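J.: So the protein lines, in turn, are chains A and B.
Quick note on this note's numbering: the first sequence kicks off at 1 and runs consecutively.
Quick note on this note's numbering: the second sequence kicks off at 1 and runs consecutively.
Hint data in this document are derived by calculation from the structure and do not stem from the laboratory.
Note that this is a predicted model, so its numbers are computed, not measured.
No residue lacks a Cβ here, since even glycine has one placed at the ideal position from N, Cα and C.
Hints are not guaranteed to be accurate.
Stated by the list, open to error - Dumping the calculated BS3-like pairs for lysine-lysine here, alpha-carbon to alpha-carbon at most 25 Å:
| id | chain 1 | residue 1 | chain 2 | residue 2 |
| --- | --- | --- | --- | --- |
| 1 | A | K15 | B | K54 |
| 2 | A | K15 | A | K122 |
| 3 | A | K21 | A | K122 |
| 4 | B | K72 | B | K54 |
| 5 | B | K154 | B | K72 |
| 6 | A | K15 | B | K154 |
| 7 | A | K21 | B | K72 |
| 8 | B | K137 | A | K15 |
| 9 | A | K122 | B | K131 |
| 10 | B | K154 | A | K21 |
| 11 | A | K21 | B | K54 |
| 12 | B | K154 | B | K54 |
As the list claims (entries may be wrong) - Chain A side only, calculated, beta carbon under 8 Å to chain B, not exhaustive:
| id | residue |
| --- | --- |
| 13 | L5 |
| 14 | K12 |
| 15 | K15 |
| 16 | Q19 |
| 17 | A23 |
| 18 | T123 |
| 19 | G126 |
| 20 | Y129 |
| 21 | S130 |
| 22 | S133 |
| 23 | R264 |
| 24 | T265 |
| 25 | S273 |
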Amino acid sequence: MNWSLIWAIARKDLKEVSQNKAAVAPAVIVPVMFVVVFPLAILLLPQAFSSASGNAFSLQELEGLLQRMPPAVTQALAGLSPLQIWVVFTTGYLFAPMFLILPLMMASIVASDSFVGEKERKTLEGLLYSPTSDAELILGKIVASVLPALALCWASFVVYGIVVNLAGLPVMGRMWFPTAPWWPLMLWVVPAVATLGMASAVIISSRVGTFMESYQLSASGVVLVLALMAGQVTGVLFLSVPVAFLVGLAVWVVDAGLLWVGVRTFSRNRLFSRL
Amino acid sequence: MAVIETSGLSRAFGVVHAVRNLSFALSEGEVFGVLGPNGAGKTTTVRLLNGVLKPDAGRMRVLGLDPATQGKEVRRQTGVLTETPSLYERLSARENLRFAGTLYGLGRADLEARVNAQLDFFELGPRADDKVGGFSKGMKQRLALARALLHNPKVLFLDEPTAGLDPEAAHQVTQLIEQLSHETGRTVFLCTHNLDEAQRLCDRVAVLRQGGVLAQGSLAELGRTLWRGLWVEIDTQIELGTSLRRDLSRQPGVQRVEGEATRLLVQLSREADIPDLVSWMASQGARLMRVVPRRHTLEEIYFELQEQPEGRPV
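The task is simple: from the sequences and hints, build the whole structure.
T.: See below:
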């Protein structure tokens with residue numbers, strides 16, 4: 001395996017994607033919504049209503065949900081004021097799965113485009129004639145997709161941390177974010193999910209006929225994360241440090257299998273048979 | 001040793017036989033043309049020979065390697081100009097060449113030198129840092145050719161190099177190919193349905209139809225195979241008399257005499273009969289102005305071959 005070839009393919013794809021406004025625009029707009037607009041609205045609106053009406057902030061609507069949370073959450077929230085509970089519970093817990101959606105969203109845009117996009121732009125044939133092995137070709141495409149997705153997620157995480165801490169400062173009185181479970185989430189689970197999403201999307205892209213077909217199939221991966229999010233909200237699954245580690249491990253095992261199958265089954269012969 | 005050699009090469013896509021029982025050999029420095037209508041199997045042959053498609057049957061060797069199992073090694077030593085230029089339009093000409101050079105394992109210093117040399121040779125230097133999306137078709141084709149040659153391949157595959165180009169750009173690309181093949185001694189495998197281009201560039205041609213070879217050889221060989229004997233145009237200063245014309249048709253090697261007045265068309269068994277014919281006519285007092293063996297054009301050969309009944313290779 002020649003990693004310089006894999007890196008060359010990845011670099012070329014990154015350069016191409018960066019020149020594509022249709023790919024860059026959603027990659028900027030959606031994270032800005034997730035990590036700036038939504039958290040600001042969630043943090044600032046209750047503070048504004050509370051001070052405007054002169055009434056103390058109440059958690060009546062959330063009580064049922066909080067009761068269903070595991071003991072670790074209720075312990076973390078113990079001793080906090082209702083407004084502080086609102087800040088920590090929403091931005092510290094409920095928002096976590098958003099960071100799993102981001103790489104999958106990137107997967108549906110960037111990775112779906114990888115092979116089938118080259119085919120549609122009539123550049124695939126030239127690439128397939130290069131002296132790269134089939135494995136180097138597909139790994140290059142996956143690396144090219146995973147790296148920007150991870151960079152986007154981590155950059156979004158930094159911005160989110162700043163927004164949450166600053167907007168929550170009047171309520172919390174200190175910088176409280178990120179809490180412990182966020183580190184394994186961002187450094188362990190998110191890369192695993194990004195690799196899962198990208199590898200699936202690239203493999204799908206190498207087997208379908210059009211970008212739209214690839215995009216729709218890849219976007220269905222987001223549904224899995226929405227299920228995870230629903231689990232989070234209902235208290236079924238809480239991403240504590242050990243749970244995050246175990247979830248990440250499970251996803252990495254799936255990734256390893258997926259990459260193995262992807263590399264073993266990818267073939268120029270099949271691609272050319274359909275060109 | 002043949003640079004490219006195939007024997008009984010076949011590949012089907014479902015019920016369609018893209019390539020059927022293909023056998024040919026190319027020697028070093030040869031320009032070999034593969035002619036045929038769309039769907040004749042030309043592009044599939046290029047793909048098979050570069051190891052990006054697997055054959056269903058048959059044997060092939062490129063530079064002594066088996067493309068089916070050593071595709072990466074084969075592709076390292078071949079350059080391919082595909083029918084569509086396959087260029088990244090959002091990248092500049094220089095970036096396209098750099099990417100290709102990296103895939104061919106060129107070192108950084110060598111890569112920059114070669115990229116600059118190719119850009120200069122193909123007269124793309126002034127537009128080197130412009131995005132390829134803004135290039136004309138002719139410029140894209142020149143850049144694609146520059147990319148195919150960047151790693152100095154031993155064998156160059158050109159798939160319809162002038163398709164879709166305006167006459168001026170096509171002429172320019174043909175000139176470049178002529179220069180590249182005959183000056184550098186590189187082996188060239190040229191797929192085309194441009195017969196003038198093939199006649200100008202190729203040492204030998206193979207004519208394909210529905211995946212099979214109808215005929216192959218040099219123009220002279222194909223002409224001799226298709227039309228028995230050789231036609232010679234003879235111009236005389238004064239018209240030949242009836243008896244002299246009758247005697248001419250009885251000379252050794254003469255098969256047929258046509259034409260009228262001062263322009264005769266004489267069919268001979270072989271080219272070597274020409275000197276005897278000229279001597280005899282001169283001895284009979286015929287005042288010869290011009291004796292020219294008539295060469296068949298590739299166009300005549302091609303259409304004659306395409307009209308041959310199916311399943312009857314020439």
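J.: Any of the earlier hints contradicted here, and which numbers?
T.: Violated hints: 1, 6, 7, 10, 11, 17, 23 and 24; rest satisfied.
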